[in-house]
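All chains, full assembly: derive it from the sequences and hints.
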Amino acid sequence: MDKITRYKQVARNILEQVARKLDQVKDYQSFLVINEERGQYLILHDGWDHAERTYGVVVHIQVTQDGKVWLRYDGTDLEIGQELLNYGVSPEDLVLAFLSPALRSFTPYATA
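Just so we're aligned, residue 1 is where the sequence shown starts under the numbering used here, counting upward by one.
Hints were generated in silico from the structure; no laboratory data involved.
Some hints could be false.
[What the hints assert, rightly or not] Label-pair restraints from in silico Cβ distances:
| # | residue 1 | residue 2 | range |
| --- | --- | --- | --- |
| 1 | GLU37 | TYR87 | 19 to 27 Å |
| 2 | ASP49 | ARG104 | 31 to 39 Å |
| 3 | ASP66 | PHE98 | 28 to 36 Å |
| 4 | GLN82 | ALA51 | 32 to 40 Å |
| 5 | PRO108 | GLU52 | 32 to 40 Å |
| 6 | MET1 | THR76 | 39 to 47 Å |
| 7 | SER105 | ASP46 | 30 to 38 Å |
By construction, the Cβ of each residue, glycine as well, lies at the ideal position given by its N, Cα and C atoms.
So, in structure tokens, the structure goes:
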């Protein structure tokens, strides 16, 4: 299995686990959105906090054609970046996209 295929499988597995955890939260629905061809893996949530609607992205991972894994957003307390590393994503391939490009150079991870 090549690296890109493996990284896509890792992203899918992690988000499936996160979606199962989120499904246990009352008053919210979570939606696992996957586009394998384009390497996009997202979880959206929709629900109510009293009278206020909450809707948006919970987690967004992108696997690019150059073999990088972009953690674009992590709105959980589950440390998705660490989970990616635990599942075998190389630090040299992990881009913390939620950090500015200038700050990424100070991390042990890929800058782009």
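We went through each hint and held it up to the structure:
no.	hint	in the structure
1	GLU37 x TYR87: 19 to 27 Å	holds (21 Å)
2	ASP49 x ARG104: 31 to 39 Å	holds (33 Å)
3	ASP66 x PHE98: 28 to 36 Å	violated (19 Å)
4	GLN82 x ALA51: 32 to 40 Å	holds (36 Å)
5	PRO108 x GLU52: 32 to 40 Å	holds (39 Å)
6	MET1 x THR76: 39 to 47 Å	violated (27 Å)
7	SER105 x ASP46: 30 to 38 Å	holds (37 Å)
Against the hints set out earlier in the document, violations occur for numbers 3, 6.
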